[in-house]
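Two chains, two frames, some hints: make the complex.
This is what each chain is made of:
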Amino acid sequence: MSVWSRISNALQGERLNREIDEELQSHIEEAIASGRDPGEARRTFGSILRQREASHSIRAAGWLESLLSDVRFGWRQLCRNKVTSAAAVLSLALAIGSCVAAFRLIDALLWRPLPISGPSKLYVLSRKMTGLYGRPVEDGYWATPDFKLMRDAVKDQADLIAISDADRTDVTWSTGDDMEKAHVVYASGNMFPLFGLEPAFGRLLAPADDRAAGVAPYAVLSWDYWNHRFGRDPHVLGRSLHIGDQTFEIVGVGPRDFTGTEKGTVTDIFLPLSMSSFATQDRMDWHRIFLMLKPGVNPATTLEPIRQHLSAVNRAFGKACSTCYRGETKASIERFLNQTLVFHPAGAGISELQKDYRRLLGVLGLLVALVLIIACVNVANMMTAQAAARAHEMALRISIGAGRRRLVQLILSQSALLALLASVLGAFFAVWSAPFVLSLVNPPDNPARLALPADWRVLLFGFGLIVVVVLLLGLLPALRASAVRPVVALKGGEDPHSPRRLMRGAVALQVAFCLLVLFLSSLFVTSFRRLENRPLGFSTDRLLLLATVAGKGQLPVIWNQTAEALRAAPGVDSVAISGWPLLGRIKINSDISINGAPPSPTPAFFLNVSPGWLSTMKIPLVSGVDFRPEDTSPGAAIVNETFVKTYFPGQDPIGRTFERGANQPLNKIVGVTPDVPDHDLREPNRAVFYAPFNAIDDRSAPGVVEFATFTIHTEASKPLALAGSLRQLIAQRHNGLRVSNVTTQLDLVRDQTIRERLIATLAAFFAAVALLLAGIGLYAVLNYSVLQRRREIGIRMAIGSTRAGIARLVTLDVVRMIALGGCAGVALGFGAVRYVESLFYQVKATDADMIALPVCALGLTALVATLPAVLRALRTDPTKTLRAE
Amino acid sequence: MAKTDSLQGSLDLLVLKILSRRPRLHGYAIMAAIATTSAEVLRAEEGSLYPALYRMEEAGWIRAEWIKKDTGRRARIYELTAAGKKQLVAEESRWQSVSLAINRVLREA
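Quick note, the sequences are listed as chains A and B, same order. If you want my numbering, it's the position in the first sequence, counting the first as 1, plus 299. Quick note on numbering: my numbering labels position 52 of the second sequence as 46, and the sequence is numbered without any gaps.
The shape of chain B in the complex, shown without the other chains (with noise of 0.2 Å):
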């Protein structure tokens, strides 16, 4: 099945988009949104999807703010920026394009 692999470049787009839907989660519920969205096909790696939030709050895409959870201990939670807005936007039609020229080369070739 595809794993890790399969995200490579498109985890940016998925976690913004993602965010977009449902602001304000944690960690863990992004990498389970990603999970239930896609029907348990695309997995994003903790080791890669923290990196990743962090670049991405560095960048301004995304941020960051905690919380306290019920349990008492406390949560790191995100939401997206405008520029974070603008950027998923372009990260779509950047997406559009490259599997529509995919499908193409698979449909043609």
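Only chain A is shown next, with the shape it has when bound in the complex (with noise of 0.2 Å):
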């Protein structure tokens, strides 16, 4: 009560004065009424005045009051300069806002805890070994078998889960309904139970669900994909749902916050391990592994014997392939057994997404916190220089009896104020950011999804990123206007250089941040144009792409003949089959073994085609000719010129013959092309060899094709507007086909560099922004400092400086501030580069322009900067300047 009554007074002061007033008066009456003599009374009681002093202090909370009065000053401070502060506030504002924005994409990517039971207990387990070409890989995909042996050896210390990356496939609601995308994930039984998850709706998966392949079609829906594809329908239980050719009833829904484990995905639906045609094979590593300990198990002395533990299953299960190692040498089977296994807490999920993302989330934390400090050391620039001018009103207050306290609290006070209302701007700015950031992570149709709450994680976050700002806005001004020597000051002599000093470093302090942030944004804008610019080596002009799937398997004839009927439709150029797109995230190695020798330590990349694809991927050949329509696979094969250099060095590849593996069939090289990037831009060339489409067994019989993609060459410049009919065409054939994406070459280009894209878009934001900030900061603190020394300045021209002179005087010390930050920041940058080059394509922090483009905008940052300050310096008339002081 005491509290609250005393804040409450304490907001009502003038009340609070008139009850006392008022009480105290009626006690000289009560007096008075007594009989007593009515100046006798007054005069004991005393001053009115001085009683109620003491009452009032007793009654409300004096901090509080005097906190309100600094704040109403300090807003009549802010409200007097309306531009200076509204450019502080707004600059602020975009700075906090960016800061919560990246920290909302950091945690909920990153660091924000999965929503199930005990997620620090929960680890993941990868293996590091020796990759192709040499190089230390770790891999974090596994074989189901491996799994229930490695899942069955360690049930005693810690249970084994196995989940699957979520796989956007085309799932069917009824056999009539078209069929749509939906990411589907594969999930042990004991997933649900063991991350203590409860259905919103329905059961979950259970272990029991795992008991053999294929006997449990059952299908759990998340909420979120049962919310926006059902709109909450109950009656949803029961229903089937088609993928391929297995049909699964769906049993419940999961509860409403879990999305699955990969981060930046939201699962729609989950399976039963069993039910992927993958779990039974040996040597399918297709899902991950997941370890949760057992309660009250110390993962400080477990976790290194389980993995040992598991290491031994792992190896042993590795070695007892019989099939695997056919003609491989004893060394490349050594290499490929020896795997180390790792644990990598999980608790916050684990995903493609962040480790693509962790550097570039890195990066934009950075960037963020360095426009956040340049923004306020200008602010703080500015508010030193009003506190500078305000240097005789804090000495008179000092000699009057303000503490020095109290004067701290009055500047800190209006920064706080400053702080607040950036934060509040700040934070609409960030509730529209960081969504639109998210939106530009993936390709537009299938965008990268993450729950973005604005819970206590983020407002703890806010909170704290208020106080640092309020502190590095008003401590440095608090602390010298506090320092403030009220004889000093009062007579006028106080050191004018010193407040300028304060600021002086501050600019070099900004110009450092400055040309850091312009360096690195000057780095990924280049690299991201290289990047996009590098020559493909073929066409991305008028080519749709129909990415289509054929249930169990259809013959290449069949294929054929729906490329002839394609190319007979209205529009379309050309046709031609492959078995997936060029760029399209698709690679498939092989083992390639000469004159039935041992296959080679390198392996070669390979894609079918079918006769015209080259053309129509309007690839040129260097030598020989394109396949033929009789032409199978193995048989005949087509090589780039880098499989040519690894395999054939020297010599004319025309007419020589290669193995995928020892003692396969023949493959005849018939054509060599150049160079094209196949799977990954930002790659180096790979040997690869193209295989004829129709492909024949064993028995020289043709074999079936699941799926393969028609490349179509338009006569019209948007092959999108094709895809409809094109599409339909193929449906109304009923042999099977069914075109499950549609997509054009040209995209799937631009997909390649989302990336780079992105970060060079928010690099160069941010250092546009950075720039800016400078350029206002070095124009405040120059413009002031004229103003300073008008009179210095007065004085020179009267006594004859020249204007070259004066020139020199007023912008030397600042030129020095932006040499010096300029160093520190190209110091900076080589040291912030070496973390980030893994985000570079082709482009080194010691390339010359690299360092030239930002001090060059820099520096015309500076001029433009500098120029009006020096203009009025010049400007001044000695003769005004002088009668006026």
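For the record, the hints were derived by calculation from the structure and aren't laboratory data. Check the hints yourself; a few may be wrong.
Which residues of chain A face chain B? A partial, calculated answer using Cβ under 7 Å [claimed, not checked]:
no.	residue
1	322
2	325
3	326
4	329
5	344
6	345
7	353
8	357
9	358
Now the in silico label distances, taken between C-beta atoms and shown as ranges [to be verified]:
no.	chain 1	residue 1	chain 2	residue 2	range
10	A	385	B	53	42 to 50 Å
11	B	53	A	456	56 to 64 Å
12	B	62	A	378	37 to 45 Å
13	B	18	A	331	20 to 28 Å
14	A	374	B	53	28 to 36 Å
15	A	374	B	62	38 to 46 Å
16	B	53	A	331	27 to 35 Å
17	B	80	A	385	55 to 63 Å
18	B	18	A	303	20 to 28 Å
19	A	374	B	80	40 to 48 Å
All figures in this text were calculated on a predicted structure; none of them were measured in a lab. Virtual Cβ for every residue (Gly too), placed ideally from N, Cα, C.
Okay, structure coming up:
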């Protein structure tokens, strides 16, 4: 009660005074009424004012009253300089909003624990080994039989859970419906119980669903999918779901928050692990393995023995494969078996998105932090200038008895006011910008999705940020102001240079950080430009790609007939078929054996293509000829130049043969093409061979093709316009072929550079903001210093200083500070670059233009920012200035 | 004669005691009551009475209320709260022990 009444009394100070006066007045009246002499009564009572003051301080919270008056005073100060205050609030809002948005993204993707029980006890298993080309790689995917052995081996200390990554799969909700895409995850039945999850509805998958392959055709929908696909229809239970030739029954809906373990992707449908055809294959590494420690088990002491135990089981499993190492040398078998198991904490989930974007988000965090510091320094400079202008006032306050603590409070409350205003605006910015940046992360047809709640984590971060900003803004000016020596200040003799010295230091800091931001952004922008302009070696113009599936497979002849039908459609120029499109992120390698020798240590990648595919893609032949319609795979092959260099160095490859593994059928090279990037723009070219689309099996019978992509060159410049009619044309043939995805070759190329485009866009944006803020800061500091020194400038002019001399006087310090800051910035840049080099493409920090560009931009900004102040100094009229003094 | 100084530290006790016997008094009445019951020996000064009243109010020992007087003016009257009653017991026993101790010193020194 007491604290609240004191606070409420403080908020209503005037009313409190009136009440106290009234009570004291009534006391005197009582005294008079009881027969005392009025004059004597008043005299004994003493000064009412003093009584009231004494009483007031007891009944009202004094700290709050002084704070309120400080805030009121600060508000009046802000209102007095409307333009500067607005600029300060806006720049701070942008910086704070960006920081909060960056935090929301980083937290959501990398730090926020999964909504499961005991996320801190969850680990993910991966193995370090020597990969292709002798590079160390870390593989996080496992075969189901291996998983089962390992699960049983450690079942007393820990539970192993198998969860596949979400695969964007074609699903059909009833036989008549069109196919649609859904993110499907296969999970072992112990996942839901071990994660402590309860169904929102129906039941979840259970360990019983794992008991044998193919016995549990049940599906669980995620709450999110149930919500947006079915509008929370309770009748969804029992409905059939078709995936390929399998039919599943919906048995339940998962809990509301749980969207799977793969951060960045929202799982739509959970299926039992045992229902995947991969689950019985010994050599198919397709799902992740999570490890959940049993309750009460100490991770520090148990993890290592578990790891060693699992290592042994895994090695035995690898060794047991009899068919795996046909024709391989002992060394290469040993290289494969030499795997080191590692655990990573997985409480925050695990995903490729995390891996791809960890560095990028780190850079983003650095950029926004730098922009925040630059903005804070700007505003602190503004406040220092104001505080310097108020030196007399401060001195006066101190000499009439204001405590220094009170002065610090006065200035801090002003900076808190600024920070609060800015954070309100910044909150709006963060609400908008975090989802916006997230929407740029993945291709538009498969966007990254993350829960971005504004919960206590975000609020706590925001609050901490405000405290930091208030301190950054106010502490220096506050300490300066409270260090005022009243005698000196009131005499007007305080060192006029001291606030400028502080501000010049701030300029150097600002320039250093600004240059760092510019430097990084120029690296990212150049990197993106080079990647985007990498010569492709094939055409992207008017190429429509229809990814098509054929259930259990269809003979090549059917595929060719369909291609023929497409060719006859209006608006179609040419049609070819390939296994998958170039740069479609699919890569499959194959061993290469020459003349029956053991496979070469470097494998090659391959792609099945129909005759005419090369010409449709506008890939020329260096030598030899294209496939003929009767060519088969195995049988003929066309190879790229790297393939020739790798396997037939210095020889004419036409007519030579190779096998895909020891003792496999021969492939005769009929043509050679130039290198083209086949699955990743960032990687150097690999050895690639093209095989004919017509596959045959061991007995020369045609094999079936389950999926392929029609590559269609259209006459019109907008290939997607034809997609609908061609899709229908394929469906109408009723030959089992269905289009599962439509895209263009141009989009595939664009999708390759999404991450680089994103970081380049963000970096360029923050570079512009940083440059603008630094320019404003520089202008303000110089302008202030010219105003402060106008008497000195006047005198110098009066005694005959030249214009050049004046200009030098005004700018010399600042130029020095810019140079100092610039050097520091370049040094910081070189330090920072080491951590982000993996994001660059063919760009080095030491390239001369990478440094020259930011330095020029900064120099130009500095020039523009200093010009007004220099002109003002030169226009000083000595007679006027000196008379005014 | 003993004036304010003799009340040092015991003004709270007196006010609480007066209010426990006669609830709902205003400031002047409390002052007058202290004077009359002590046979004009003790006198609470206005300068210390009101701050003390406000302090005890903030501490939650007494509760204040505005009433209308016959003259049409308002007066602020005070009464004891439950916490005040407890405080009174504590202060009384403290006073007893202190005065006992002082008496013993006066007797035996």
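Here is how each hint holds up against the structure:
| no. | hint | verdict |
| --- | --- | --- |
| 1 | 322 | holds (5 Å) |
| 2 | 325 | holds (5 Å) |
| 3 | 326 | holds (5 Å) |
| 4 | 329 | holds (4 Å) |
| 5 | 344 | holds (5 Å) |
| 6 | 345 | holds (6 Å) |
| 7 | 353 | holds (5 Å) |
| 8 | 357 | holds (4 Å) |
| 9 | 358 | holds (5 Å) |
| 10 | A:385 x B:53: 42 to 50 Å | holds (47 Å) |
| 11 | B:53 x A:456: 56 to 64 Å | holds (60 Å) |
| 12 | B:62 x A:378: 37 to 45 Å | holds (44 Å) |
| 13 | B:18 x A:331: 20 to 28 Å | holds (22 Å) |
| 14 | A:374 x B:53: 28 to 36 Å | holds (34 Å) |
| 15 | A:374 x B:62: 38 to 46 Å | holds (40 Å) |
| 16 | B:53 x A:331: 27 to 35 Å | holds (31 Å) |
| 17 | B:80 x A:385: 55 to 63 Å | holds (57 Å) |
| 18 | B:18 x A:303: 20 to 28 Å | holds (24 Å) |
| 19 | A:374 x B:80: 40 to 48 Å | holds (45 Å) |
Against the hints set out earlier in the document, no violation occurs for any number.
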